[in-house]
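Engineer: Going line by line, the protein sequences match chains U and F. So the first sequence is residues 1 to 429, counted in our numbering. So the second sequence is residues 430 to 755, counted in our numbering.
In case anyone wonders, no lab produced these hints; they're calculated from the structure. Some hints here could point you the wrong way.
Pairwise CB distance ranges (calculated) [stated by the list, open to error]:
1. U:Arg338 with F:Asp533: 21 to 27 Å
2. U:Gly132 with F:Gln674: 41 to 47 Å
3. U:Ser158 with F:Glu714: 47 to 53 Å
4. U:Ser158 with F:Ser473: 37 to 43 Å
5. F:Glu568 with U:Gln157: 51 to 57 Å
6. U:Thr222 with F:Ser473: 50 to 56 Å
7. F:Glu568 with U:Gln229: 40 to 46 Å
8. F:Glu600 with U:Arg190: 33 to 39 Å
9. U:Ala200 with F:Lys450: 28 to 34 Å
Listed below are several chain F residues computed to face chain U (Cβ distance under 7 Å; list not exhaustive) [to be verified]:
10. Thr466
11. Leu469
12. Ser473
13. Arg476
14. Pro505
15. Asp533
16. Ile534
17. Ala536
18. Arg560
19. Gly564
20. Ala567
21. Arg624
Even for Gly, the Cβ is constructed at its ideal location relative to N, Cα and C.
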Amino acid sequence: MANLATLSITIEPLSLHDRVADINEMFLDERFERLLSLPVVDQGLPVGIISRNRMQRIFSSRFGREIQGKKPIQAFMNPAPLMISIDQSMETASHYVTRNISYPITEDFILVKDNRYHSVGSVIDLLRGMEGRLLAQNQSLASTLNALRESQAQLVQSEKMASLGQMVAGVAHEINTPLGYVRSNIEISRDACGDLHKLANAYDALIALLQCGTAGEDEIGTQFSFVQQTREDMLSKFPREEMDGLFVDTLYGLDQISEIVVNLKNFSRLDLAAEDQVDINQCINSALLIANNVVKHKAEVVREFGDLPKIRCAPSQINQVVLNLVTNAAHAIESNGRIHVRTRAAGAHVHMVITDNGKGIAAEHLKKIFDPFFTTKPIGEGTGLGLSIVFKIIKDHGGHIRVKSVPGAGTAFCVSLPIHPQQQSGSLQ
Amino acid sequence: MSAATIQLASRTLAPPPSPEKRPTLLFVDDEERILRTLKLMFASQYRVLVTTSGHEALQMLRRETVHVLISDQRMPIMAGVDLLRQAKDIAPNTMRLLLTGYSDIEAIIDSINDGEVFRYINKPWEANEVRKIVGEAAEIAMSLESRPPLPGMAMAVGETRTILLIDHSPEIATSLGNLLKEDFPGEFRLVYASRLEEAISLLEKYEISVIVSELHVGNEDVTPFLKTLKHFHPQIVTIVLTSFQDTLALTNLINQGQIHRFIPKPVRRGMTSRSIRSGIERHNEIRMRPLLVNRHRVEAPIAEIQHGLFNRVRGMIQRLGATGQK
Chain U
1 MANLATLSIT
11 IEPLSLHDRV
21 ADINEMFLDE
31 RFERLLSLPV
41 VDQGLPVGII
51 SRNRMQRIFS
61 SRFGREIQGK
71 KPIQAFMNPA
81 PLMISIDQSM
91 ETASHYVTRN
101 ISYPITEDFI
111 LVKDNRYHSV
121 GSVIDLLRGM
131 EGRLLAQNQS
141 LASTLNALRE
151 SQAQLVQSEK
161 MASLGQMVAG
171 VAHEINTPLG
181 YVRSNIEISR
191 DACGDLHKLA
201 NAYDALIALL
211 QCGTAGEDEI
221 GTQFSFVQQT
231 REDMLSKFPR
241 EEMDGLFVDT
251 LYGLDQISEI
261 VVNLKNFSRL
271 DLAAEDQVDI
281 NQCINSALLI
291 ANNVVKHKAE
301 VVREFGDLPK
311 IRCAPSQINQ
321 VVLNLVTNAA
331 HAIESNGRIH
341 VRTRAAGAHV
351 HMVITDNGKG
361 IAAEHLKKIF
371 DPFFTTKPIG
381 EGTGLGLSIV
391 FKIIKDHGGH
401 IRVKSVPGAG
411 TAFCVSLPIH
421 PQQQSGSLQ
Chain F
430 MSAATIQLAS
440 RTLAPPPSPE
450 KRPTLLFVDD
460 EERILRTLKL
470 MFASQYRVLV
480 TTSGHEALQM
490 LRRETVHVLI
500 SDQRMPIMAG
510 VDLLRQAKDI
520 APNTMRLLLT
530 GYSDIEAIID
540 SINDGEVFRY
550 INKPWEANEV
560 RKIVGEAAEI
570 AMSLESRPPL
580 PGMAMAVGET
590 RTILLIDHSP
600 EIATSLGNLL
610 KEDFPGEFRL
620 VYASRLEEAI
630 SLLEKYEISV
640 IVSELHVGNE
650 DVTPFLKTLK
660 HFHPQIVTIV
670 LTSFQDTLAL
680 TNLINQGQIH
690 RFIPKPVRRG
700 MTSRSIRSGI
710 ERHNEIRMRP
720 LLVNRHRVEA
730 PIAEIQHGLF
740 NRVRGMIQRL
750 GATGQK
């Protein structure tokens, strides 16, 4: 921290007996040009200060010089000058000076060291020094603010990555199940095909025997029963009905995988416009499919969709909102729960209500749930940003979100979005 | 068509096993399509039961002999691990397997400690691999069923079982020592190794019943050692006591290490005490009926083990006279 030494102006002080006229001469000296006042010191101790302003008042009165000129300065000086210890910080000095100085500013201040006279300092220099420091502080505040903004952006990003990770794990699981049986079914079909070839070969051999005209009846008979046996083995290993079912299942599994992929594309909207006329019911369906892995073992999802007009919004963000609310609902449920998703259009808004019958939110937490970093999950399991991002997205869309919760009974989130948004929604990057 | 490709009757087909002698498999999965696929995969060689419900599976286990139970983990109403836990009581001879795409660390730990699972198979599976594993489990179950118990080595009066602790921290040794003194006064001898070398020396010196081990000591990975030891000397029961948790490492410890219990650090006293008790009981059971070791047969030992160490473990095991599979 810079102290006042940088502002110190060293001058020889006046003594109590110096005469007014002589001092007036000194004010004209260019060495003291910058000073508003001169210090008066007695036996090393500062005892007063005399200002240029006071001198001018003396000399501008009638016969001032003649009457007062020979008197000692003691009678005219300010006996209570501002005194500051040289090792004070600039802030302390500035604080002291601005509180104690009289206006208009006519005097400088005296710098002391161990209570003894050291030098003088000018108020203007002090203010300039302070300005410089404020500027530096502002710059550091600005860069701190930038750093904070950056880390906030990073946190939002890491929250996004966390939900993305959760989503990817969910989707992987969703694809894994059909993939498992589709793969096996293909392997089984390959084996069945192998058996079919065997049967065809045995059949060819039988035809060859029949056509060559030299084969004995025994030989033909043996081959004939071999064909029969091969056929029966194949049919018992791969019964017709079950093979038919296998192909139905395989196609169903592939359809499942396609549906997940299509929804994933819808969800990320990578190949679609950032903002669009959107059917909120579709957004909800997409998000529910993505959340399925988290939800299905905990709760039954009941959809009660009303007819909704398409609204202009950023669908990927609305998807994120639904995904977050639905996974939160699932996390609140221990098992065998129910998540109700209702939509309806009323007045100028589209409303979406997501209700769960989970453990609910304690009253003291309810006020804080939209605050960034508020979480009741153990460290490392939740960033506490999920709902704050939801809140921001809804706000950016000109909508609002409300929550009602009864501990032990469940929670309801109601999201309302305007059908005709006032302005372009901001985007949360 | 050339003669070579024509299949003639001279090659006779092996007759399928007669229905009474076929082992029974029970598959449990909440996805019916998976059950249909599995049924088709196994029906020609096994008697196959399938159900989407854990409760129904338990009914089946009560009603009839099932040699191998293969369950999904993540199912509504009853999770796979809960099914295996109850199955263990209802039908202790049934081999228990998990076939699942869901690998939650808790579930895997439970499948070791509560389910005592023989194999953990990941979805999507490979048909031949599943056939091989299920076949092996069925064969073990059948062999135990068909043969009367062989007289094993009963525990001599006054014989003290020895427990080997492998851990880098002497504090764990002290607290385990105290636990044994208090919970099992005079029953066990505890020997302690802070390094793998020391552990091998102790194994050569003492007849160890149960090993309680960290997965890493110093910069040594103990896992390959535990797997190799299990392969050659399966009557030594392994309890893993560690802060290290990784789903893949754990499933490998099941499939290749057949660890008896997994105790996460920080150590909870009750759990440790119960695990040691059941580990000793398991060891005694195997001593009484050596064929039971087959129930804990592991996949072929892995190449990752250092050569010197491997040979030493092997040499030691030969000196001890391995009772495990070759």
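Engineer: Evaluate each hint against the coordinates.
Structural biologist: Hint by hint, here is what the structure shows:
1. A hinted range of 21 to 27 Å for the beta carbons of U:Arg338 and F:Asp533 is consistent with their spacing of about 23 Å.
2. A beta carbon spacing of about 56 Å between U:Gly132 and F:Gln674 contradicts the range 41 to 47 Å that was offered as a hint.
3. Separated by about 50 Å at the C-beta atoms, U:Ser158 and F:Glu714 satisfy the suggested range of 47 to 53 Å.
4. For U:Ser158 and F:Ser473, the Cβ-Cβ distance of about 52 Å falls outside the hinted range of 37 to 43 Å, so the restraint is violated.
5. Between F:Glu568 and U:Gln157 the CB atoms are about 53 Å apart, so this pair conforms to the stated range of 51 to 57 Å.
6. Between U:Thr222 and F:Ser473 the C-beta distance comes to about 24 Å, which lies outside the given range of 50 to 56 Å.
7. As the Cβ distance of F:Glu568 to U:Gln229 is approximately 27 Å, the hint placing it in 40 to 46 Å is violated.
8. Remark: the range hint 33 to 39 Å for F:Glu600 to U:Arg190 is contradicted by a beta-carbon distance near 57 Å.
9. For the hinted restraint 28 to 34 Å between U:Ala200 and F:Lys450, the CB-CB distance of approximately 32 Å keeps it satisfied.
10. With its C-beta approaching chain U no nearer than about 4 Å, F:Thr466 sits inside the 7 Å limit, and its interface hint holds.
11. The beta carbon of F:Leu469 is positioned within 7 Å of a beta carbon in chain U (closest approach about 5 Å), and the interface hint is therefore held.
12. The beta carbon of F:Ser473 is positioned within 7 Å of a beta carbon in chain U (closest approach about 5 Å), and the interface hint is therefore held.
13. Given the 7 Å rule on beta carbons, the hint for F:Arg476 is violated: about 14 Å separates it from the nearest Cβ of chain U.
14. At its closest, the beta carbon of F:Pro505 sits 5 Å from a beta carbon of chain U; the interface hint therefore holds under the 7 Å criterion.
15. This hint is violated: F:Asp533 has a C-beta 10 Å from the nearest C-beta of chain U, more than the 7 Å allowed.
16. Annotation: interface hint on F:Ile534 violated; nearest CB of chain U at approximately 13 Å, more than 7 Å.
17. For F:Ala536, the interface hint is violated, the least distance from its beta-carbon to any beta-carbon of chain U being 12 Å, above 7 Å.
18. Because the closest C-beta pair between F:Arg560 and chain U is about 10 Å apart, greater than 7 Å, the hint is violated.
19. For F:Gly564, the suggested interface contact is broken, since its CB lies about 16 Å from the closest CB of chain U, more than 7 Å.
20. With its C-beta approaching chain U no nearer than about 18 Å, F:Ala567 sits outside the 7 Å limit, and its interface hint is violated.
21. Interface hint status for F:Arg624: violated, as the beta-carbon distance to the closest one in chain U is roughly 33 Å, over 7 Å.
Going through the hint list in order, the structure does not satisfy hints 2, 4, 6, 7, 8, 13, 15, 16, 17, 18, 19, 20 and 21.
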